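**Student:** The residues making up each chain are set out below.
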Amino acid sequence: MKKKKVKTRTHNYKKHIGKAPGTLVYTGKKTEKQLKIESFDYTKDTITENVLTNIADVKAHKETDSVTWINIDGLNAITEIENIGKQYDLHPLVLEDIVNTAQRPKIDEYDDYLFVVLKMLYYDNEENIVIEQVSFILGKNYVLSFQESEGDVFDNVRERLRHGNGRIRGLKSDYLLYALIDAVVDNYFSIIETLGNKIEDLETDLFEGNAKEDISIEVQQLKREILKVRRAIFPLREIINRVEKGEHSLILQRTINYYRDIYDHLIQVSENIDIYREMIWSLMDMYMTTISNRMNEVMKVLTIISTIFIPLTFLAGLYGMNFEYIPELQYRYGYFVLLGVMFLMFLGLLYYFKRKKWL
Amino acid sequence: MKKKKVKTRTHNYKKHIGKAPGTLVYTGKKTEKQLKIESFDYTKDTITENVLTNIADVKAHKETDSVTWINIDGLNAITEIENIGKQYDLHPLVLEDIVNTAQRPKIDEYDDYLFVVLKMLYYDNEENIVIEQVSFILGKNYVLSFQESEGDVFDNVRERLRHGNGRIRGLKSDYLLYALIDAVVDNYFSIIETLGNKIEDLETDLFEGNAKEDISIEVQQLKREILKVRRAIFPLREIINRVEKGEHSLILQRTINYYRDIYDHLIQVSENIDIYREMIWSLMDMYMTTISNRMNEVMKVLTIISTIFIPLTFLAGLYGMNFEYIPELQYRYGYFVLLGVMFLMFLGLLYYFKRKKWL
Amino acid sequence: MKKKKVKTRTHNYKKHIGKAPGTLVYTGKKTEKQLKIESFDYTKDTITENVLTNIADVKAHKETDSVTWINIDGLNAITEIENIGKQYDLHPLVLEDIVNTAQRPKIDEYDDYLFVVLKMLYYDNEENIVIEQVSFILGKNYVLSFQESEGDVFDNVRERLRHGNGRIRGLKSDYLLYALIDAVVDNYFSIIETLGNKIEDLETDLFEGNAKEDISIEVQQLKREILKVRRAIFPLREIINRVEKGEHSLILQRTINYYRDIYDHLIQVSENIDIYREMIWSLMDMYMTTISNRMNEVMKVLTIISTIFIPLTFLAGLYGMNFEYIPELQYRYGYFVLLGVMFLMFLGLLYYFKRKKWL
Amino acid sequence: MKKKKVKTRTHNYKKHIGKAPGTLVYTGKKTEKQLKIESFDYTKDTITENVLTNIADVKAHKETDSVTWINIDGLNAITEIENIGKQYDLHPLVLEDIVNTAQRPKIDEYDDYLFVVLKMLYYDNEENIVIEQVSFILGKNYVLSFQESEGDVFDNVRERLRHGNGRIRGLKSDYLLYALIDAVVDNYFSIIETLGNKIEDLETDLFEGNAKEDISIEVQQLKREILKVRRAIFPLREIINRVEKGEHSLILQRTINYYRDIYDHLIQVSENIDIYREMIWSLMDMYMTTISNRMNEVMKVLTIISTIFIPLTFLAGLYGMNFEYIPELQYRYGYFVLLGVMFLMFLGLLYYFKRKKWL
Amino acid sequence: MKKKKVKTRTHNYKKHIGKAPGTLVYTGKKTEKQLKIESFDYTKDTITENVLTNIADVKAHKETDSVTWINIDGLNAITEIENIGKQYDLHPLVLEDIVNTAQRPKIDEYDDYLFVVLKMLYYDNEENIVIEQVSFILGKNYVLSFQESEGDVFDNVRERLRHGNGRIRGLKSDYLLYALIDAVVDNYFSIIETLGNKIEDLETDLFEGNAKEDISIEVQQLKREILKVRRAIFPLREIINRVEKGEHSLILQRTINYYRDIYDHLIQVSENIDIYREMIWSLMDMYMTTISNRMNEVMKVLTIISTIFIPLTFLAGLYGMNFEYIPELQYRYGYFVLLGVMFLMFLGLLYYFKRKKWL
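Residue numbers (UniProt numbering), protein chains in the order written: chain Y, 1 to 359; chain L, 1 to 359; chain S, 1 to 359; chain R, 1 to 359; chain X, 1 to 359.
Derived from the structure by calculation, the hints contain no laboratory data. A quick note: this is a predicted structure, and the numbers were derived from the prediction, not measured. Please note: incorrect hints may appear among the correct ones.
Just so you know, same-sequence chains aren't split out, so a pair can sit in one copy or run between any two.
Each computed DSBU-like pair below joins lysine-lysine, with the alpha-carbon atoms no more than 35 Å apart [stated by the list, open to error]:
| # | residue 1 | residue 2 |
| --- | --- | --- |
| 1 | LYS36 | LYS354 |
| 2 | LYS86 | LYS354 |
| 3 | LYS356 | LYS44 |
| 4 | LYS300 | LYS357 |
| 5 | LYS300 | LYS44 |
| 6 | LYS106 | LYS354 |
| 7 | LYS228 | LYS300 |
| 8 | LYS140 | LYS86 |
| 9 | LYS172 | LYS354 |
| 10 | LYS354 | LYS198 |
| 11 | LYS245 | LYS354 |
| 12 | LYS106 | LYS357 |
| 13 | LYS44 | LYS357 |
| 14 | LYS354 | LYS140 |
| 15 | LYS357 | LYS86 |
| 16 | LYS198 | LYS44 |
| 17 | LYS356 | LYS198 |
| 18 | LYS106 | LYS300 |
| 19 | LYS356 | LYS106 |
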């Protein structure tokens, strides 16, 4: 069996040790891909979509009256990100957190913007869960989003922006942030669905006795995936809860109901994860029982065969002895009498096992 | 054994992913059954009962002075539900939650109505627990209830309305809501009773040694049922607790005592569920012990038989050897002496096993 | 083995389902015994004790200036209890709770009385724990107590009332309530003592190897008893805690110290129960270890005997073959040489087992 | 094996049941020893030490301006303790708690004194943990201490008083109380050190394979000791925490820092206890693994021997048959060919076991 | 196997028992190394670095306007530390805590300084985790740090001070304290990384079947290391949380954001530790399963061989008997018929095992 090693990213931490606070160190996988900057600028009636080539252009948007969404893909371009940071007046620790992909989901409020870090989850081609960090800066009339690489779960939001579906164009940047977070959280459901299916498959295998010997390895890997997902999702719950309680002035009262909806979804996801954990523990239990039952069966076969034939073999050995005088040996029907006796013993033991329910 | 697969509804989530918030998607089982709208309009002295055919008729009731209960069966009729939503001025997220049957029990307060989601539990014909979502809208003088399909636990409430039993006709819509929730919660008791019986049956089987080999599967299924029920019931507890604390102005002080009663019932149900969980864990433990004990017994039989006959067989083999000179073989009573020795060995071992309490 | 089935009373719930709130349904065991009403009316200097025959007489006491204790045995007399309820102006839900013996311990404050439900525990003749519900109504100058049947733990309180021992006659109804609750709680100690003894007996059996095969059944039953007791006692702790914090105006400041004493006792009882739970879990663990150790021992005996005699038997079989030319068979002392070889093998294996510490 | 029975003192409770509240019942071991009253009366510059013979003398001290410490050994002298209670105006429940040695550690504030109960732990000569109750009454300028019997951990405090070491003579009664409690808590460290050593010894035994068969009994006893210590120490933590928060006016601000120090110590002790608990659980786990590993080894020996010799024995038996015509038997070298075949089979099986890593 | 004994330092406590509070007792390992005092005195533009030889020189720094960091290595020089204590007016309990290396991480606020104790973790040359206590005193314009011995994780901070990198020279003593704590916490990541690697190595061994028999010992040691690290790190979390909430006036608002960063790091470390704990529990579970599976395999081999050959051996024994009249023995082809029968039995059993999936 090929072992899929689930990495826990601990090795990323080291790059950071001993640097002065606020030093930008990208801790994800170095990719050669270039930075990609995408911008949407919209009011209720108009929308402009651009792929920016120059960092300086970003500045321009900030001053408009419309709502601007700037999405940055690729966190290894440290200098460009520092530039953006300067243009938007971001605290050095915020920039450090944006590029440090080992960050825990969190929300930090600064004077005129809100900083949100969360985790985007998806399965890659080899069915491994990938955790990608997404950071948001919510300003009065803009949202910045930072992703590790291209490809995300926001296409639906882009479509709604372009076609003006739903309320999105009519509302402010706080609703845009909601729409983006909602897209991330919605995607969690597909992750837990896949997890659920994996667990049910394992369970079916176990019920039907098809379980391979290495089921404990699969169980171990599932446990880890669940731990990983749990760790990515659970802190978000608390964050959204705080948003929903109206702690952050940048998020308007009107939008808070929507955040409550996200919160409900996160609770649902969390509950499912906890149920999966419990189901996996049960699975392991069942597996242990199965092993014990199987061993019991093996032992029964051994015991039945041994208990029947060992005494019979002894009897046969007895009359195979070469003593000069063994009276039974001379009897004409001695052999047949012995066969009869052996047969009766055989029947007797069968009955005994039957009564003990071993057969 | 036919495997009853307990589905956990995760597959429903997907339909939703990527839709704009507030989009109505019915996530239950599509049924072709038509929407059924039932209305009760009553004061202390009068009552009118109707089965509505036209959505527009619903509007009429809202303006009356009497208390109106409108019960809607069938959530797949999205457009009609949207119409009701417009007539009663319901928030889009409320409508989305009503038809999203994967909703968690919750209570949301809006400006002039209260939105309550809970779960109605019952056993279907194949002894599977069915979880049906029921949503309530409590307005000043009306209650709307939405169910997935026909058939519910409210017949008793209908009877009391029709015949004016108890206090129900003399009080306001908040008491009606209480009566409806109370009916749902009362029914939980029959669910946990059935669960309790199942556990006791399993236990009796185990005590009396009648346990089939697949007891761990039944245990697993019971665990899941309990998880399912737990998840449907536990959030409700917190909701009713908040109602009881008087957080919601639509529920009058006079009625709050009654909600306290529901709360007590929910605590009782919850406690029972937790006790069942613990009992099931114990059952599994006992089952493991039973397996080990049984294996012990099997091993003892094998060991006793082997320990007695293997040495005897060796002795018999010894005198079955064909050496030219084995003095014992020539002794006239050699055979009988050996038989005697063997018998003594046999007795000795029996005594040994007796002392070791293996017999 | 006679199985003692521990009932968990779930079957009582059903009687209630679908009744209008406030309907009185006695859920205990129907007994034909008559209602018995006992009354004490006392001041510091005088005391009148009566067994009432007429419900109407109860009314009279309420208006006196002295403290009155009315004790009602037998909850199946629904109509009489309804009468008392009317005379003392009790809320319908209170009456419902008094006769519903599946009630959880609780305290509810009403305008001019306090309603307390708790559980009286005792062992019946067959050593089963019996849980009897006792409800108290504390008014300004009276205490009503309701019990399922005759026989209680209040005899000591009655004696103190009659002879004016201690402070009881000089204080108000809130002290009387304290004295009654204290009597109930004091009795919990004898329950947990019996539980403790049972656990120690089991443990001794296990230590001394006298454990019967069905120890897991006894453990299971003990676990249940503990669960049962726990559930009857734990909610009371919180109730007394609230009383002690002075939340209820009917209980005077002077008496609160005494309630603190009850609270301390309940904490002690609870701690003991939790210790017993942990001890029982440990017992089960130890039992599993014992089983495994015993199996190990059985396997060792089997292995030692088999390992010694199977090779010897093979050797004997070898020289029992009928080949025409087996040189060893012709040697004059072949047999004795072989016996010597066998003996050496035997010694060698003994030494091997000794070194492995199997002997 | 001599069983050390760890008593849990439940049997003491019974003496108390059914007594009027405030009745003094000594629940410790009845000893014939006499009451011993010791008093220290000191100011910054002077100190008087007395062993009192008359209870009435105690009164005198209370009125002095200096700080007085009166230490009473022996709680079975109920009447004398009642006298002290009267002289110092103690609440009857306080006196009841002082002599009821099954009391839980607690702190109760009364109008002009503070009542503290805690547990002094030490090992007796047979290495059993002894729990002795110590009660303190802290008044404005006096401390009363009550112990079950002579011998305590306060000698160091006495020395400091006598020689005026440290701050003790210069400060008030609240510092004296601190010094006494500190002495009790300091001694907990030696208890947990002994516990730690016991656990490490067990662990070493297990690692080195010297574990006796009854290790589970020792583990069980350790678990109990830990439970016992835990129960004696943990409630104290909360008490000191409340003192440290300044809830009690009799303890001056200046002294509170010192109580914070005790609190830190208690947290340390508690943490160690919890670590020990976890280590013991792990030990049990390891022991189970050890048992299973040992059984595995036993089974392997059995299987190897059986798998090698059972087929060989069959072959030997085959040529021991007495058929008239078995061609192989007539071959001149049949015997040697068979021996060769047997040897090859033997080698083959050895290789097989080698590859399976059983050898 | 060489046993690495993980010491838990309990033996240090004893030195302390019975001393007056405020007595300085160094509880670490006595080393002969001398006290080393190092000082940095800096403003935005200037920096003076000294290795002090005289304790009295320390005083001088306190009065300067610049920020001073004095680092003291070696806690066994009790008298010198007492001198420093006097010069800086430190509370006796603070000094006691500085030299008592069994201290728990904590923060205590005094009138004009803040006292922080935490644990520096590193691996020594033998791969054992070493826990060294570091204490900080934060005054208005100075930081004192106390370490058990030379060698620390602050070199990076020293470099930044010397070269004026980052913000450190421009800010006050509270930022210096932050930088020092940050250095300690950063180093935790390398500890947990090593732990993570150890766990993954164990896991790989287990997956690939290379696990030695003593894996449970390694698991036990890992558990202990984790407990140790946990205990050193977890209390710090709460401390930093309190700092971050602005409870301490000596830490300026501007610096608090930086402490929030440390808090995030600590949460990350804690989460990893908890994940490692869970993974280790799972490992143990998997190991148990592995053992059981292996035993199952052993048993199967035994059972297959026994079940096949025991009946065949019986048959051979049957025809090895010496009865005078056994008709089969005279048949010309009796031997070959029997061989055929045996071969069929052999095939039959093979088929049986195949169907049972034992082969």
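**Student:** Is it within, between, both, or neither for LYS44 and LYS357, if the alpha carbons may be no more than 35 Å apart?
**Tutor:** Answer is neither; intra-copy 78 Å and inter-copy 68 Å both fail.
**Student:** Can you give me the call for LYS354 and LYS198, within, between, both or neither, at a CA distance of at most 35 Å?
**Tutor:** This pair counts as between: shortest inter-copy Cα distance 29 Å, intra-copy 41 Å.
**Student:** Within a copy, between copies, both or neither: where do LYS172 and LYS354 come within 35 Å Cα-Cα?
**Tutor:** Classified as neither; 79 Å inside a copy, 69 Å across copies.
**Student:** I want to check one pair: LYS36 and LYS354. Are their C-alpha atoms no more than 35 Å apart within a copy, between two copies, both, or neither?
**Tutor:** For LYS36 and LYS354, neither the intra-copy (76 Å) nor the inter-copy (59 Å) Cα distance is at most 35 Å.
**Student:** Given identical chains, is LYS300 near LYS357, meaning Cα to Cα at most 35 Å, within a copy, between copies, both, or neither?
**Tutor:** Intra 10 Å, inter 16 Å, cutoff 35 Å: intra and inter.
**Student:** Have a look at LYS106 and LYS354 and pick one of within, between, both or neither, based on CA distance no larger than 35 Å.
**Tutor:** Answer is neither: 65 Å inside a copy and 55 Å across each miss the 35 Å cutoff.
**Student:** For the identical chains here, do LYS228 and LYS300 meet the 35 Å Cα criterion within one copy, between copies, both, or neither?
**Tutor:** The answer is neither: 43 Å in one copy and 38 Å across copies each exceed 35 Å.
**Student:** Are the CA atoms of LYS245 and LYS354 at most 35 Å apart within a copy, between copies, both, or neither?
**Tutor:** neither (68 Å within a copy, 64 Å between copies)
**Student:** Is it within, between, both or neither when you check LYS106 against LYS300 at 35 Å Cα-Cα?
**Tutor:** neither (58 Å within a copy, 54 Å between copies)
**Student:** Evaluate LYS300 and LYS44 at a C-alpha cut-off of 35 Å and name the case that applies: within, between, both or neither.
**Tutor:** Answer is neither; intra-copy 78 Å and inter-copy 74 Å both fail.
**Student:** One pair to classify: LYS198 and LYS44, alpha carbons no more than 35 Å apart. Within, between, both, or neither?
**Tutor:** This pair counts as neither: shortest intra-copy Cα distance 44 Å, inter-copy 57 Å.
**Student:** How would you label the pair LYS356, LYS198 (within, between, both, or neither) given a Cα cut-off of 35 Å?
**Tutor:** between (39 Å within a copy, 27 Å between copies)
Hints 1, 2, 3, 5, 6, 7, 9, 11, 12, 13, 14, 15, 16, 18, 19 from the list above are not met by this structure, while the remaining hints are.
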